[in-house]
Amino acid sequence: MSSGVVETATLSPAAEKLAERIESSPVAGRARVVDLDIPTIEVGPGNWVALARFLRDDPGCQYDLFLDLCGVDNLRRRGADRASRFEAVIHLHSLSRNEHARVRVVLPDDEKPSLPSVESVWPAADWFEREAYDLYGFDFPGHPNLHRILCHDAFVGHALRKDYAPGQRWFYAEEDLRVPEWAKDTEEKAGNFETQTISIGPSHPATHGIIHLIARLDGEKIVRAETIIGYLHRCFEKMAEKHHWNQVIPYTDRLNYVSAMNNGVGYVRTVEKMLGIEIPDRGQLVRTILSEFSRIMDHCVCIGANLVDIGALTNFVYLYQNRENIYDLLEACCGARLTVSYVRVGGLAIDVPDDFVPRCRKLLETIPALLDDIEKLVNNNRIVRNRLAGTGIVTREQAVAWGLTGPMLRASGVAYDVRRARPYDFYDKFDWDIPIARDGDNFARYLVRMEEMRQSLKIIRQALEILPAKGPVSSDDWHVVLPPKDAVYHDMESLIYHFKLVMEGIRVPAGERYEWIEAGNGELGFYAVSDGRGGPYRLKVRPPCFAAMAAFEKMVVGGTVSDAVATLGTLNVIAGELDR
Amino acid sequence: MALFSKKSTLPAHPPAGATGEGEFLVTKLEEMVSWARSNSLWPFPFATACCGIEFMSVAAAHYDIARFGSEVVRFSPRQADLLIVAGTVTDKMAPILRRIYDQMPEPKWVISMGVCASSGGFYRAYHVTQGIDEIIPVDVYVPGCPPTPEELIYAILQLQKKIQSGEKSRDSRSARFAAEQLP
Amino acid sequence: MSGVIDVSGKYPEKLTFLQRLYIPEILRGMSVTIRHLIRNLANMKGMPTILYPEVRRNYSGRFRGKHILKTREDGTLKCVACYMCQQACPAECITIVAGEHPKIAYEKYPVVFDIDMMRCVFCGFCVDACPKDAIWMTRNYEMAFFTREDAVYSIDRLRESPEEIAKHGYGYRPYYPGDGTTPPADAALLPVVPGSGEREQLRENRVPLPDRDPGPGPLNAPSQAERPFSA
Numbered sequence: 058m059s060s061g062v063v064e065t066a067t068l069s070p071a072a073e074k075l076a077e078r079i080e081s082s083p084v085a086g087r088a089r090v091v092d093l094d095i096p097t098i099e100v101g102p103g104n105w106v107a108l109a110r111f112l113r114d115d116p117g118c119q120y121d122l123f124l125d126l127c128g129v130d131n132l133r134r135r136g137a138d139r140a141s142r143f144e145a146v147i148h149l150h151s152l153s154r155n156e157h158a159r160v161r162v163v164l165p166d167d168e169k170p171s172l173p174s175v176e177s178v179w180p181a182a183d184w185f186e187r188e189a190y191d192l193y194g195f196d197f198p199g200h201p202n203l204h205r206i207l208c209h210d211a212f213v214g215h216a217l218r219k220d221y222a223p224g225q226r227w228f229y230a231e232e233d234l235r236v237p238e239w240a241k242d243t244e245e246k247a248g249n250f251e252t253q254t255i256s257i258g259p260s261h262p263a264t265h266g267i268i269h270l271i272a273r274l275d276g277e278k279i280v281r282a283e284t285i286i287g288y289l290h291r292c293f294e295k296m297a298e299k300h301h302w303n304q305v306i307p308y309t310d311r312l313n314y315v316s317a318m319n320n321g322v323g324y325v326r327t328v329e330k331m332l333g334i335e336i337p338d339r340g341q342l343v344r345t346i347l348s349e350f351s352r353i354m355d356h357c358v359c360i361g362a363n364l365v366d367i368g369a370l371t372n373f374v375y376l377y378q379n380r381e382n383i384y385d386l387l388e389a390c391c392g393a394r395l396t397v398s399y400v401r402v403g404g405l406a407i408d409v410p411d412d413f414v415p416r417c418r419k420l421l422e423t424i425p426a427l428l429d430d431i432e433k434l435v436n437n438n439r440i441v442r443n444r445l446a447g448t449g450i451v452t453r454e455q456a457v458a459w460g461l462t463g464p465m466l467r468a469s470g471v472a473y474d475v476r477r478a479r480p481y482d483f484y485d486k487f488d489w490d491i492p493i494a495r496d497g498d499n500f501a502r503y504l505v506r507m508e509e510m511r512q513s514l515k516i517i518r519q520a521l522e523i524l525p526a527k528g529p530v531s532s533d534d535w536h537v538v539l540p541p542k543d544a545v546y547h548d549m550e551s552l553i554y555h556f557k558l559v560m561e562g563i564r565v566p567a568g569e570r571y572e573w574i575e576a577g578n579g580e581l582g583f584y585a586v587s588d589g590r591g592g593p594y595r596l597k598v599r600p601p602c603f604a605a606m607a608a609f610e611k612m613v614v615g616g617t618v619s620d621a622v623a624t625l626g627t628l629n630v631i632a633g634e635l636d637r
Numbered sequence: 011m012a013l014f015s016k017k018s019t020l021p022a023h024p025p026a027g028a029t030g031e032g033e034f035l036v037t038k039l040e041e042m043v044s045w046a047r048s049n050s051l052w053p054f055p056f057a058t059a060c061c062g063i064e065f066m067s068v069a070a071a072h073y074d075i076a077r078f079g080s081e082v083v084r085f086s087p088r089q090a091d092l093l094i095v096a097g098t099v100t101d102k103m104a105p106i107l108r109r110i111y112d113q114m115p116e117p118k119w120v121i122s123m124g125v126c127a128s129s130g131g132f133y134r135a136y137h138v139t140q141g142i143d144e145i146i147p148v149d150v151y152v153p154g155c156p157p158t159p160e161e162l163i164y165a166i167l168q169l170q171k172k173i174q175s176g177e178k179s180r181d182s183r184s185a186r187f188a189a190e191q192l193p
Numbered sequence: 004m005s006g007v008i009d010v011s012g013k014y015p016e017k018l019t020f021l022q023r024l025y026i027p028e029i030l031r032g033m034s035v036t037i038r039h040l041i042r043n044l045a046n047m048k049g050m051p052t053i054l055y056p057e058v059r060r061n062y063s064g065r066f067r068g069k070h071i072l073k074t075r076e077d078g079t080l081k082c083v084a085c086y087m088c089q090q091a092c093p094a095e096c097i098t099i100v101a102g103e104h105p106k107i108a109y110e111k112y113p114v115v116f117d118i119d120m121m122r123c124v125f126c127g128f129c130v131d132a133c134p135k136d137a138i139w140m141t142r143n144y145e146m147a148f149f150t151r152e153d154a155v156y157s158i159d160r161l162r163e164s165p166e167e168i169a170k171h172g173y174g175y176r177p178y179y180p181g182d183g184t185t186p187p188a189d190a191a192l193l194p195v196v197p198g199s200g201e202r203e204q205l206r207e208n209r210v211p212l213p214d215r216d217p218g219p220g221p222l223n224a225p226s227q228a229e230r231p232f233s234a
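Protein chains in written order, with this note's numbering: chain A, 58 to 637; chain B, 11 to 193; chain C, 4 to 234.
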């Protein structure tokens, strides 16, 4: 994919424009633009910070939203020879120009790979760089707090390197927890008053089980906070490297487990784009309908749990009734309620049942009734308004600087929704609105989510109109999709395709791709690297709630503990996606 | 490192009836107590992952665990007697699980919900505990990923049978260990 | 902007007098909850609660529950120990040991077929992968164990039994009656054609088999690391 010298004539318009801007930058001549699925800039570590600042500030670039930083280890990569073992891959987005860009920083030193930290340019890069340090061992000079984030503190080695055995575990005891420096003295005197440092979580009803907040309290007010995550780090990316492309799908279900279908759709879209296959319209529409139902489920859990945390228990039960009704539909389609594993690369596992459309229409009637009940109970309620309105405020500039996407970004006034910005799966054919709010507080996020659920119902209604009554839901390319069963039973060639796909996996051509969708929490991206064999060589998930969680410790400072609890509920942190 | 230190010894209870050349009153009393305990299990949901969502479904209106006596879901281990470990337990979370288990007062039971808690599930990985019985004794294992709410209720019914048969919250492995290690 | 709704407009910061009074809100909220209560009391059968174990939820015919091994008409397992389900399983929970079946039409059969229910994630990939219609799933979810060893199901517990199907029903399977597919022919009904005796001759005379190129091989085999990739 990347040859020696790139001629300007072969670049796409977007890449060419980027190349022109780079020419007038401080790093002209030392950075190279390559045309892959999105324009990619290749640069060395010495020029990275200057390039980063230019990309953010230059009016022709304006890449203000930091999306992702990940590492790639080329030790076992077949195919084209790489310049060095390690590289760092960064994805950026420009809100004003609606464009993505990728930067590849080639790290020449194999023993001590290091590149300067860009946390001063994009604060969102903070946790992503910590993750790259944890899983790859990259050093980021200039980073304020470079410690392990996902693996536990007694972990030895860097887990995603190719020479690290997937099953090698290390023993961890409670004493091994790294307590931040500022939290070591638990009591501090200031005049006549004392501040206390306590640990909220990780087993705490309000922290949804797996988030650890170390907070210094002055009475009820939080003076300083730091979050510790990684309590559900289940090594998704390492497992993906060990399995075939289709076998990763059950793992993707367990990322954002409250809306399992969305993760699956995002992942298989990446693989399908790498293969260059199209799936039939009926398959795309079924994916859209079920993704929107999954989005409704996601918001139901978020709002329900959030309201339970502030004491409004009835809504939880009503919102769970919504979920149970949608579970009925999902279970009729694919056999499982929660972890559906319904998508496959190239389409769906099986076709929808015959009563799919009547079931969906029934849901379109029952869901709005329960949503109306919630609004009657909550929206004008003085207690809810006092708890949620005016707390956890995130301004527009903060939201962009912290790399937030999804309802969190939209509640701060930025109308960025991947379904509108880069439509996929028929979203541009439907008439629907993006809800935004101006205040950026918890109540705004709650309102945005409620409205998003209603917009999802609108989309589903329109999708059901144009859904073809019959037709295939999967591509008919037998190099990718399993042939139909009775062909396998009776026909030799189908059996051979079936055998090759099951035993060896799908042969995806070597290359890399970043594809992103709008999941319940925001932009869910999958960066996949293939080197030609049956499974991913590297698979990185860009989790939307990772950036939100990183921002959390900044959001709670100055508020009380109860405000922190309310704020955490609106972030919709799903640990499966946060820690992977 | 010894997992069962002197501080958290597990007394070995012989099953009811083993010593009993029974006074009728005592065994009847034990039966009543077991019946009462089994029908008022207060769960502590140690919910980490997807099984936690299915547990919330069991607690919600559709399945309603309150029908089995678990009206209140206790978030403090000191007030609970049933620890339901729902979801993957990673190596980072394991000491916290042990601490929660230690903080629960006797008698206590453990249900390991889902394959991730029971055996690590399909995460044969560098950060996942391959089964919580590496750290705490488990009474009932529930397969499924996640188990359907009926499966969890079936497991609670099995646990009720186990409690009513007299086994006081110890599984056979830890009972054997305690019998060997304690003076 | 077209296509964008601003939702915060309806809810100004300052609460109205009635909202601050709070009593009207309580009454409105209670009207919602009491409406639910009355609706449930009036129509007890329509309550959403499923009174398990007396009442069972009617799961669909595609439910992914406990697996069963299908049998032919003469009672032998349809499974020919081809290892496709073992390979397809993301959890590596299936263990198969193959054996040679004396009947040449069947050729192989599983001597050992274990599914570790404590590892299985009930994804259904084994059912998708099977080329012989040999493994299905049922609607049976009632499994709970007191020990982990008890959770490894072998052929005796996995073999299809009429009682289990009568109680729970079939679930996720490779084809559904009436969907236009033709199931595989039952090998039990084929006439048994005795071979020409080559197999026995080879065994007795110890004739070595011709040397064959091992071929591409499975994912990540050590021999592949050194070979240049060719599509």
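Simulated from the structure, these hints should not be mistaken for lab results.
Backbone N, C-alpha and C fix where the C-beta goes; we use that ideal spot for every residue, glycine too.
Be aware that a few hints might be false.
[Unchecked claim] Chain A side only, calculated, beta carbon under 7 Å to chain B, not exhaustive: (1) Arg205; (2) Gln225; (3) Phe250; (4) Glu251; (5) Gln253; (6) Ser256; (7) Gly633.
[Stated by the list, open to error] Which bits of chain A does chain C cover? Going by a derived footprint, with three or more residues having C-beta under 8 Å, they are: (8) 441-450; (9) 476-482; (10) 617-631.
### Task
Report holds or violated for chain C covering the stretch 617-631 of chain A, Cβ cut-off 8 Å, minimum 3 residues.
violated (count 0)
### Message
Can you verify the interface hint for Arg205/A: is its Cβ closer than 7 Å to any Cβ in chain B?
### Response
Status violated, d = 10 Å.
### Message
Closer than 8 Å Cβ to Cβ for three or more residues is the test here. Does the stretch 476-482 of chain A pass it with chain C?
### Response
violated (count 1)
### Message
Hint Phe250/A vs chain B: min CB-CB distance below 7 Å?
### Response
violated, 29 Å
### Message
For the restraint on Gln225/A, tell me whether the closest CB of chain B is nearer than 7 Å.
### Response
With Cβ-Cβ at 5 Å, under 7 Å, it holds.
#### Entry: Minimum beta-carbon distance criterion (7 Å), Glu251/A to chain B
For Glu251/A, the interface hint is violated, since the closest Cβ of chain B sits about 26 Å away, which is over 7 Å.
### Query
Going by Cβ atoms only, is Gln253/A closer than 7 Å to chain B?
The hint is violated - Gln253/A has no Cβ within 7 Å of chain B, the shortest such distance being about 20 Å.
### Task
Report holds or violated for the interface hint on Ser256/A, using the least CB-CB distance to chain B and a cut-off of 7 Å.
violated, 11 Å
### Message
So is the stretch 441-450 of chain A in contact with chain C by the C-beta rule, three or more residues under 8 Å, or is the coverage claim wrong?
### Response
Holds: 3 residues of the stretch 441-450 of chain A have a Cβ under 8 Å from chain C.
### Query
Hint check: is the beta carbon of Gly633/A less than 7 Å from a beta carbon of chain B?
Hint holds; Gly633/A Cβ to chain B Cβ min 6 Å, cut 7 Å.
The structure fails to meet hints 1, 3, 4, 5, 6, 9 and 10 from the earlier list, while all remaining hints are met.
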